[in-house]
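> Chains C and Z are the protein sequences, given in the same order. Residues 120 to 719 in our numbering are what the first sequence lists, from first letter to last. Residues 120 to 719 in our numbering are what the second sequence lists, from first letter to last.
The set of hints was computed from the structure by calculation and includes no laboratory data. Fair warning: there could be bad hints in the mix.
Since the list gives no way to pick one copy over another, a pair counts as held whenever it fits inside one copy or between any two copies.
As the list claims (entries may be wrong) - Simulated pairs of lysine-lysine, BS3-like, Cα-Cα distance not exceeding 30 angstroms:
| no. | residue 1 | residue 2 |
| --- | --- | --- |
| 1 | Lys-389 | Lys-429 |
| 2 | Lys-559 | Lys-540 |
| 3 | Lys-276 | Lys-688 |
| 4 | Lys-489 | Lys-261 |
| 5 | Lys-261 | Lys-468 |
| 6 | Lys-565 | Lys-165 |
| 7 | Lys-266 | Lys-489 |
| 8 | Lys-565 | Lys-577 |
| 9 | Lys-266 | Lys-468 |
| 10 | Lys-411 | Lys-276 |
| 11 | Lys-526 | Lys-156 |
| 12 | Lys-235 | Lys-261 |
| 13 | Lys-273 | Lys-411 |
| 14 | Lys-273 | Lys-382 |
| 15 | Lys-642 | Lys-534 |
| 16 | Lys-429 | Lys-368 |
| 17 | Lys-688 | Lys-266 |
| 18 | Lys-411 | Lys-266 |
| 19 | Lys-261 | Lys-411 |
Protein chains: 2
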Amino acid sequence: MYKIRTNRNEIFESQNESILETMQKHGIYLQASCGGKGSCGRCKVKVTEGVVSSLSFFGISEKEKTSGYVLACQSYPKTDISIEIPERLITVSERISGAKVEIIDKIFTDNPHLFKPLIESMHLSIQPPTIEDSRADFERLKDAVGKNIFIARKTVKILSDYLRENNWQVKFVLSENEFINFLQSDEKIYAIAIDIGTTTVALAIVDLEKGKIVDLATCYNSQIAYGDDVITRIIYAIENLNGLEILRKSVVDDINALINTVKIRNKNSKILYVSLSGNTTMSHIFWGINPKYIREEPYVPVLNHYPLWKASDARLLLDSNVPVYTLPSVAGYIGGDIVSGVLASGIYKNENISLFIDIGTNGEVVIGNKDWLVTASTSAGPCFEGSGINCGMRATEGAIESFTYNKAGDFFKIKVIGNGKPSGICGSGMIDIVSELFTKGIINQKGKFLSESSKYIKMVDDELRFVISEECFISQADVDNIIRAKAAIYAGISTLLEEVGVSEKDIDKVYIAGGFGEFLDIKKAINIGMLPNISEDRFIFLGNTSLAGATLCLLSRQLKDLAEELADKMTYIDLSSSKRFMDEYVSALFLPHTDIERFT
Amino acid sequence: MYKIRTNRNEIFESQNESILETMQKHGIYLQASCGGKGSCGRCKVKVTEGVVSSLSFFGISEKEKTSGYVLACQSYPKTDISIEIPERLITVSERISGAKVEIIDKIFTDNPHLFKPLIESMHLSIQPPTIEDSRADFERLKDAVGKNIFIARKTVKILSDYLRENNWQVKFVLSENEFINFLQSDEKIYAIAIDIGTTTVALAIVDLEKGKIVDLATCYNSQIAYGDDVITRIIYAIENLNGLEILRKSVVDDINALINTVKIRNKNSKILYVSLSGNTTMSHIFWGINPKYIREEPYVPVLNHYPLWKASDARLLLDSNVPVYTLPSVAGYIGGDIVSGVLASGIYKNENISLFIDIGTNGEVVIGNKDWLVTASTSAGPCFEGSGINCGMRATEGAIESFTYNKAGDFFKIKVIGNGKPSGICGSGMIDIVSELFTKGIINQKGKFLSESSKYIKMVDDELRFVISEECFISQADVDNIIRAKAAIYAGISTLLEEVGVSEKDIDKVYIAGGFGEFLDIKKAINIGMLPNISEDRFIFLGNTSLAGATLCLLSRQLKDLAEELADKMTYIDLSSSKRFMDEYVSALFLPHTDIERFT
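Using the sequences plus the hints, can you model the full thing?
This is the structure we're talking about:
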């Protein structure tokens, strides 16, 4: 038995098991897409002290090996050891992609009548049978509940023993007219909300009695290996033998790993319901439904409103008859995540016109009020979520989240999440960097580095880079990528406003959803021309509204029903074939915009 | 490629396959509980000409081997061969255990409004999507159907391709609000009714469009190996590791073999619904639900009314989402088979009092009219179904079904089903034999053989036998067994009549259900004191009403709903603790009865 000390100063005991297993046992879930078989090469950790024995070094370069990197799943301590776990590997308690708990609290504080979870628990005392009253056990239960209920075969199988062992005192949960499961007397009734993003997967565990999110977990969507955006994923599903199943399994494995994490951290909880929110393609793939027709005109999904299927249908590692509610989609490119966002933002009940913008790998925009809602989608790419940028990462510990540059002194200041050494740049950091470098004349209106403007600009591998630290830099290709992303978002917003004949002045509130959350500097986002030039005080940050909406549906039947109505109420405008959108996009490929008037 | 000639003069070609496989391919399904693995020893056939190569002789005695017996599943022709298949092995087209088709026809001819099958087929033309109307595929389907429907995940997976491949012309079936399956244009919509008896399993395949039974198949319930009656089966389930699962699998394998048989014989049919009728224990075991509390006072089942589970829950070899309707039970010893019988007999709507008697391994009795129904159960044992009697067999080809004895000449006449050589004695034959031997003084009032009374009485293995042929005889133990069975049935009827205060004179009609069907000689059954002394013209034979009732439910939603109501309406009387019943039983252990007055 050896000790493992981590770079977070935790010390764990290893019991003849791999480093990965020790970490998992203690609730530190390292990304390991292959499930710890040594075949994905993702769970790299650096051994800084002590000796380990490694079965394999799959995916580790010679240089990394020399520096002490090993695969956590393949390595066993032979002495006490110290390890460094790269922050990006850890899937727990991310700030990014978390639902803002206060949004949910406020809704139920303001509208207590809405709080009615999708499942209800019952505690009943049932009359034991006698010769005079020999009704069957299930009939006794139904009579006590007072209505006809559906019960799964596997639950019936244990009914009679459960009743007798508990002296006819039963505690169980119902979902509408379906018996879901028995409860032990001290078990808590939990549910899970899942947001499947194209790039990240986030999960909230919800206490249904208290109506609170009690834990969060996030990881990258392992489908990234098969394409950065929904289009490349659909192509993968079409063109590869078993491609759809590979994609489905990737994300379900991710979710199961997150479920495992939250289960370990929240003992004595019984997860009895799941609510799932994602864009249309992600929802299709999650259920193993081929999204191929979403890619072809007229871009129709197989379904927008999903039947209430079961955890076993999805192959989630939960009781087989746990219901899985899927937020409805509006169209092929406006999914349940946006319906969730509309629900969580409340724009569907505002008198005045609001704008809702969800910035993820897709940028979706909704405009409207209590009477109408119009929506469109634009492909931003995954860069703001940390993917496709050399030093990109999610907004976790070690990420540069803000950046200021002093031109006169040619020095800069950075703010790193957790205040430690920077290990990468998250979305808000990227916007800060581009904005500062543009304002201070280090990059021009076209986003090109001016090579002599700062001592931090260096030519590496035939490309100019602004070097922030030994590990962090931003390259010309990165800046180009960020500009394309911001142009897509801006063009989506401006085209939609024109389509509905609303000007920026008419907009009362702008709700920002997505990974950025409160870390986005609005001024700088306007400065680079990503967001329209609207007074900063009208902006409201909502965080991950896909996860928030999924949580709301778990906690309120009325809001779940409303989600179904909203999906049908929203009018979708297809930008992909719009000439106006293409013009807007090309004009927005400058900093801040070709039409500088819009940003003065 | 060799030819196989059977004792029915059929000639089949064998394609490098076992004899069993050749037979199966041509719709002759031999009993092979092990599924053709050579481990049950049941599929014995006799090779009378030609050469076969056998991999194993499991369960075949040296004597049988010398006579040419081989296992059909383990034997391969090496020349053209001739074989003899014992009739009792063949599971097809049995006369016994068949539902009487005319009962069903009459109900729907008299009441055409009742004909409304549990599933409905729809043929719809759906509008293909356009840019202007880009509703999702499933939403288009729902809109065309005109209501919200549930659809399984695996069906959604094929929806979009099906719609496009069929040019948006769709043919499918719905069960209430659930989408069950697509249909190819020439497919027929079939369902299956199953009667699980303690001793025999019967299956009817039903054309739901025509409202007709189109095929029948029957076999023994393989659970026989684990006990003759429901009590011994329950004990087996309780006392053996995995006992319940062994029993469940036995009968489900039997049913799957029968399904296979009818599928082969009825090509181009799609089986889309199942209706299941059995006694309470059989229904529990079929669903893998432990019937243990049925055996303990107060004898309560786990459930009487079954949720609509699926073929996959039952592990039936049908599409996983085919619904399986289970006829409801009344109590631990009055099951869905009796509710079926009440439904099929129509006694629930008669003005006058009727008696319904189902003679199987249990004898169940129902008495009542349109206002009330009272029921009780008595254990007859499996002898009338051909089990537990030395030469017992079901009423198939080769069975002695009637017997007359000429005392003066000391000779007898027999009638054999199919007019061939007798190979055993079925239930009606047993009653005939006991009645004739009693009337003609070959056995006395206690059922004992008078050894010098006939030349056919021989002492074999220390026991007296009446020898009918080389293969057929009836022993003293057989006669004792038959008398116990008839006494149980009579005592059940007489006790119930006394309990409700109805005399034999008050009974307008007596409906006889069970394997006997029309082959039972009422006079002789009264003569031995099995049935009460009621005028013969009041008796009506209904055949297998368990199967008929299950079929009726498939064809009529209203009758299915009525079955649920009838189960609650019937009052159960427990005879097991009744002193009156014990007295009646002991008195009935004579021929015809201790109280001879009752039979004059």
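> Now, for every hint given, state plainly whether the structure supports it.
Status of the hints after comparison with the structure:
1. Lys-389 with Lys-429: Answer is both: 16 angstroms inside a copy and 26 angstroms across each meet the 30 angstroms cutoff.
2. Lys-559 with Lys-540: within (25 angstroms within a copy, 109 angstroms between copies)
3. Lys-276 with Lys-688: between (44 angstroms within a copy, 26 angstroms between copies)
4. Lys-489 with Lys-261: Between. Shortest inter-copy distance 28 angstroms satisfies the 30 angstroms Cα cut-off; intra-copy 42 angstroms does not.
5. Lys-261 with Lys-468: The answer is between: 29 angstroms across copies meets 30 angstroms, while 40 angstroms in one copy does not.
6. Lys-565 with Lys-165: Neither way: Lys-565 and Lys-165 sit 40 angstroms apart in one copy and 92 angstroms across, limit 30 angstroms.
7. Lys-266 with Lys-489: between (37 angstroms within a copy, 28 angstroms between copies)
8. Lys-565 with Lys-577: Classified as within: same-chain Cα gap 19 angstroms, cross-chain 114 angstroms, threshold 30 angstroms.
9. Lys-266 with Lys-468: between (35 angstroms within a copy, 28 angstroms between copies)
10. Lys-411 with Lys-276: between (41 angstroms within a copy, 11 angstroms between copies)
11. Lys-526 with Lys-156: neither (50 angstroms within a copy, 85 angstroms between copies)
12. Lys-235 with Lys-261: Close inside one copy (22 angstroms) and across copies (29 angstroms); limit 30 angstroms.
13. Lys-273 with Lys-411: For Lys-273 and Lys-411, only the inter-copy Cα distance (16 angstroms) is at most 30 angstroms; the intra-copy one is 36 angstroms.
14. Lys-273 with Lys-382: both (23 angstroms within a copy, 29 angstroms between copies)
15. Lys-642 with Lys-534: within (17 angstroms within a copy, 103 angstroms between copies)
16. Lys-429 with Lys-368: both (16 angstroms within a copy, 26 angstroms between copies)
17. Lys-688 with Lys-266: between (34 angstroms within a copy, 19 angstroms between copies)
18. Lys-411 with Lys-266: So Lys-411 and Lys-266 pass the 30 angstroms test across copies only (26 angstroms; inside, 43 angstroms).
19. Lys-261 with Lys-411: Answer is between: at 21 angstroms across copies they meet the 30 angstroms cutoff, but 45 angstroms inside does not.
Going down the numbered hints, you'll see the structure goes against 6, 11, while the others check out.
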